[in-house]
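*Asks:* Next come the chains, spelled out residue by residue.
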Amino acid sequence: MKRYSAFAIAREALRYHSGWERAWRAPEPKKKYDAIIIGAGGHGLATAYYLGKNHGIKNVAILEKGWLGGGNTGRNTTIIRSNYLQDASAAIYEKARSLYETMSQDLNYNVMFSPRGVIMLAQTHHEVRGYQRTAHANALQGVKTEWIGPQRVKELCPIICLDGPRYPVMGGLWQARGGTARHDAVAWGYARACSDMGMDVIQKCEVTGIRQDGGKVVGVSTTKGDIDCDKLGIVVAGHSGVLAEMAGFRLPIESVALQALVSEPIKPCMDVVVMANTVHGYMSQSDKGEMVIGGGADGYNNYTQRGSFHHIEETVRALIETFPMISRLKMLRQWGGIVDMTGDRSPILSKTPLENCFINCGWGTGGFKAIPGSGWGFAELMANGYSPLTAEFGLNRFKEGRFIDESVAAGVAH
Amino acid sequence: MLILTCPYCGVEADETELQAGGEAHIKRETVGSSDEDFEDYLFARQNPKGIHFERWRHVYGCGKWFHVARCTNTLEVFGTYSAQTTEPPQDIRDKISGKRPGWSWGIFS
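Top line first, the protein sequences correspond to chains A and B.
Read in this note's numbering, the first sequence has 395 at position 350, and its numbers run on one by one without any break.
Read in this note's numbering, the second sequence has 4 at position 3, and its numbers run on one by one without any break.
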């Protein structure tokens, strides 16, 4: 793999850009791999990357039924933060956030990580208490966050309307080192690095069955034929239930649609990410100038990758109250992704009833920010059978009542 | 916009008038049930890509709970029926069979 650098750009500029090579190979599947990852989204690719980088397992295939990063990795609103309430969540999300800081250098691929800061607005007295509690919890967890008053919110985000009327801004939880990154680049960067390690990223290869022998996984059936493996990682977000059924177990997960939309590009007006959980809306401005807006999830099971129109209306209506200047913005695009929701709004990174088959799912509405930490922990779990990052996130926590309740900190917006 | 007909009051209701209540026909476990059965009852869901039987409540209308047979992949609605039953009625099953031969959902088909 030729490295990307300022020198490479200069060299290619002098020879009509004829020397760029494909970022990753497009191989046909081999008969057998040490490990197969189902799902070439951010989490799946990150898992494969850390399997190779941290654990030396490089005979790996990553199977994708569609195209690389075409699921929720390419559909989220790119927010990165780690201001969660529970210790287990803070650990894995903070690990992810810190890995994002060096990701461009690690992968030699510009993921445009922009630690511009994230404010979660408190718009009710209940939220004020909740976020102050989270700020204290974060201090104990070593996650740098801060409770700020309304005037500081206004300084950080001048276009905000503090007065309401329905939901005045009473302060916010500020994480200065949170921000955004380019979501496609995260998938592409990992894919390029995996391909460089000799792994096979196989697109348009849908898994149609999981083959097992004596309670152990032996391989998968796909639209490109049967492929054997020693270990299998299922990392498919919204379709986790479908894959789990193939593997012969059920999950505490329901798949629903979550929508986002972007406006026409405008001049820079907002250099932080603002999340307003009471009114179910969050917004940031992309480097192109588009206002990137996310809203609430639908309430019913859905696999269609499009959501209900009234959620867009509710989201936009709420944001216009908080940001009156966007009331005449035209919206360019709207889309949906299928998110896998668990009861406690925390993910599942776990062994499964099927031996050597592991599952990483349940990230719900907030998976993008966790990609590197999730991959790091899940790779360790797959390689060694245990990871301190994922230990609390096992499937058995539901049976044992050890929930990691993030429905307050994470239930609405990400 | 999902439009469902409330089998009690007969109103054709937009989804904004309704509230989704998740999977239907879940067998309730009680004293004496095993831990595994309780876990299944409380948390495990079928979450299929396809035929789904589910509970809805006509929350901004007559307030009644009812059941819906719907496809989660196409959003096609096969019908709504009373909540006072432990299994989907035969006419709904026949209707689904007409369009999706060989379908199954949990113990029903």
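It cannot be assumed that every hint is accurate.
[As the list claims (entries may be wrong)] Simulated pairs of lysine-lysine, DSSO-like, Cα-Cα distance not exceeding 30 Å:
(1) Lys261(A) - Lys100(B)
(2) Lys312(A) - Lys199(A)
(3) Lys312(A) - Lys140(A)
(4) Lys444(A) - Lys50(B)
(5) Lys96(B) - Lys249(A)
(6) Lys312(A) - Lys261(A)
(7) Lys100(B) - Lys249(A)
Source of the hints: derived by calculation from the structure; they are not laboratory data.
*Asks:* All hints are to be evaluated individually against the structure, with a verdict given for each.
*Replies:* The hints, checked one at a time:
1. Lys261(A) - Lys100(B): Roughly 37 Å between the alpha carbons, so the hint for Lys261(A) and Lys100(B) is violated.
2. Lys312(A) - Lys199(A): Given pair Lys312(A), Lys199(A) holds - Cα atoms ~19 Å apart, limit 30 Å.
3. Lys312(A) - Lys140(A): violated (33 Å)
4. Lys444(A) - Lys50(B): holds (25 Å)
5. Lys96(B) - Lys249(A): The hint is violated at about 34 Å.
6. Lys312(A) - Lys261(A): Given that 30 Å is the threshold and the Cα spacing comes to 56 Å, the pair is violated.
7. Lys100(B) - Lys249(A): Holds, at about 28 Å.
Violated hints, listed in ascending order, are 1, 3, 5 and 6; each of the other numbered hints is respected by the structure.
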